[in-house]
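If you read the protein sequences in the order shown, they are chains V, A, D, U, Y and Z. Mapping of the first sequence onto the UniProt record's numbering: residues 1 to 76, in sequence order. Mapping of the second sequence onto the UniProt record's numbering: residues 1 to 76, in sequence order. Mapping of the third sequence onto the UniProt record's numbering: residues 1 to 76, in sequence order. Mapping of the fourth sequence onto the UniProt record's numbering: residues 1 to 76, in sequence order. Mapping of the fifth sequence onto the UniProt record's numbering: residues 1 to 76, in sequence order. Mapping of the sixth sequence onto the UniProt record's numbering: residues 1 to 76, in sequence order.
Hints were generated in silico from the structure; no laboratory data involved. One thing to keep in mind: the hints can contain errors.
Unchecked claim - Straight-line C-alpha distance at most 30 angstroms; calculated DSS-like pairs for lysine-lysine:
(1) Z:Lys27 - Y:Lys76
(2) U:Lys76 - Z:Lys76
(3) U:Lys76 - Z:Lys27
(4) Z:Lys76 - Y:Lys27
(5) Y:Lys27 - Z:Lys27
(6) D:Lys27 - U:Lys27
(7) V:Lys76 - A:Lys27
Unchecked claim - Away from chain V, derived, C-beta distances all over 10 angstroms, residues of chain Y:
(8) Met32
(9) Glu37
(10) Lys40
Unchecked claim - Taking CB as the label site, the calculated pair distances span:
(11) U:Gly72 - V:Thr8: 27 to 35 angstroms
(12) U:Ala41 - V:Glu2: 47 to 55 angstroms
(13) A:Glu45 - Z:Arg75: 45 to 53 angstroms
(14) Y:Ala12 - V:Lys40: 33 to 41 angstroms
(15) V:Thr13 - Z:Thr36: 50 to 58 angstroms
(16) D:Pro34 - A:Gly6: 18 to 26 angstroms
(17) V:Arg75 - Z:Arg75: 22 to 30 angstroms
(18) Y:Gly72 - A:Thr13: 28 to 36 angstroms
(19) V:Ala12 - A:Glu37: 30 to 38 angstroms
(20) A:Thr36 - Y:Lys40: 36 to 44 angstroms
(21) Z:Pro34 - D:Thr36: 46 to 54 angstroms
No residue lacks a Cβ here, since even glycine has one placed at the ideal position from N, Cα and C.
6 protein chains.
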Amino acid sequence: MELIPGGTLITATPEEGRALAVLMARKSIGNMQPDTEVRKALRPEYANNADSLTAAAHVVAVEFATVAAANGYWRK
Amino acid sequence: MELIPGGTLITATPEEGRALAVLMARKSIGNMQPDTEVRKALRPEYANNADSLTAAAHVVAVEFATVAAANGYWRK
Amino acid sequence: MELIPGGTLITATPEEGRALAVLMARKSIGNMQPDTEVRKALRPEYANNADSLTAAAHVVAVEFATVAAANGYWRK
Amino acid sequence: MELIPGGTLITATPEEGRALAVLMARKSIGNMQPDTEVRKALRPEYANNADSLTAAAHVVAVEFATVAAANGYWRK
Amino acid sequence: MELIPGGTLITATPEEGRALAVLMARKSIGNMQPDTEVRKALRPEYANNADSLTAAAHVVAVEFATVAAANGYWRK
Amino acid sequence: MELIPGGTLITATPEEGRALAVLMARKSIGNMQPDTEVRKALRPEYANNADSLTAAAHVVAVEFATVAAANGYWRK
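Hey, can you work out the whole structure from these sequences and the hints?
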């Protein structure tokens, strides 16, 4: 399994960097629970719970901090 | 869906940077739960719960740390 | 609503920076739950619960990390 | 109330920096729950609960990260 | 027990860095709960719970932030 | 009580730095709950609970981020 899709933290834009952060978080989950059916079953559990969504958004924010720093915050 | 509204982390002021951090967190949630009706239904669940609000404020703080660093903390 | 009271992360002292961090966290909550009466009603819920206070203190610590970095840690 | 005891993040040693981080976290709690009696009553609630202690230790770790950075990690 | 497998934070690629971050988190758990049988018994508890997986992914994200900074984000 | 065993964040190797991070987290707990018997009684509570172990591993990761930065990530 590829944990860092594309194999680099460098992206052309903040938008692509954010998408990478989301993917990195997802791959982390996939690495710990490789069974696609189980993951699918767990989806409504968190997608319909405000606190679960907040916790997942927190992980994306932490991943993005790393990706953004890697890209020098895409400053010109 | 646009994950980074405006496509840049650079803002003119701390106030705009903070507003961007809030939006980034919201877009994260919207990306995981794209159904507007579900999100609307979840709103009272967290907006009337002290711990849920604290958790959401935590995410905003983490997003803002990245936005603030990107902008060199808006030092003159 | 003003999210960053004073519109700057720069403060004269660590003490003022800490007070700003506390205010930033509060404004975040106020932004998500604008109803003053609801916020007042939620107050005893977290102010009398050890874990809720710890979680709120965590947010202040994260906000302060950003404010402190912005001010170069108020080193002379 | 003083939020940053001593009014500076600069300390002579890592040990003093750590003690400051602990104090900063405590002052945060004291700022949100100023009633000493209530805080005393809450103490056994978290001091006898493993997860509460872990959450409190987490806050100290975050505060210490800021204090340590402020002091250039006390490198010689 | 080795806490940092390989004894270094430096890796050739982001992918290897991410794998190291995952291992570091696992070694942390193994250090606190050295009984392999207990850890095996706990596995379904978190691998089938969305919030537990999110919390574990959060730890990986934090470990990875350190590994990525150590490697200068693998910029060329 | 010594909060930073050895009184310095500087270690010879990442492995020793990681061990220091673990110790710092433990000393934090010991500082808040100084009764050894209580801490011993709490141990099974978290060592046999997946989420408690994850939360504890999170604290170690945060402490280690500081120790690693202090040591310039042990780059040669």
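Structure-based check of all given hints:
1. Z:Lys27 - Y:Lys76: violated (40 angstroms)
2. U:Lys76 - Z:Lys76: The hint holds at about 18 angstroms.
3. U:Lys76 - Z:Lys27: holds (24 angstroms)
4. Z:Lys76 - Y:Lys27: Within the cut-off at roughly 24 angstroms; holds.
5. Y:Lys27 - Z:Lys27: holds (20 angstroms)
6. D:Lys27 - U:Lys27: Measuring from Cα to Cα gives roughly 20 angstroms; hence the hint holds.
7. V:Lys76 - A:Lys27: holds (24 angstroms)
8. Met32: Consistent with the label, Y:Met32 stays out of reach of chain V, its closest Cβ about 18 angstroms off (over 10 angstroms).
9. Glu37: holds (19 angstroms)
10. Lys40: holds (14 angstroms)
11. U:Gly72 - V:Thr8: 27 to 35 angstroms: At 31 angstroms between Cβs, range holds.
12. U:Ala41 - V:Glu2: 47 to 55 angstroms: Holds, since U:Ala41 and V:Glu2 (Cβ atoms, about 52 angstroms apart) stay within the stated range.
13. A:Glu45 - Z:Arg75: 45 to 53 angstroms: holds (47 angstroms)
14. Y:Ala12 - V:Lys40: 33 to 41 angstroms: Given range 33 to 41 angstroms: holds, Cβ gap about 34 angstroms.
15. V:Thr13 - Z:Thr36: 50 to 58 angstroms: holds (54 angstroms)
16. D:Pro34 - A:Gly6: 18 to 26 angstroms: holds (24 angstroms)
17. V:Arg75 - Z:Arg75: 22 to 30 angstroms: Once the Cβ atoms are compared, 25 angstroms apart, the range 22 to 30 angstroms for Z:Arg75 and V:Arg75 holds.
18. Y:Gly72 - A:Thr13: 28 to 36 angstroms: holds (31 angstroms)
19. V:Ala12 - A:Glu37: 30 to 38 angstroms: holds (34 angstroms)
20. A:Thr36 - Y:Lys40: 36 to 44 angstroms: About 42 angstroms separates the Cβ atoms of A:Thr36 and Y:Lys40, which means 36 to 44 angstroms holds.
21. Z:Pro34 - D:Thr36: 46 to 54 angstroms: Violated, since Z:Pro34 and D:Thr36 (Cβ atoms, about 41 angstroms apart) do not stay within the stated range.
Consistency with the previously given hints fails for numbers 1, 21, ordered from lowest to highest.
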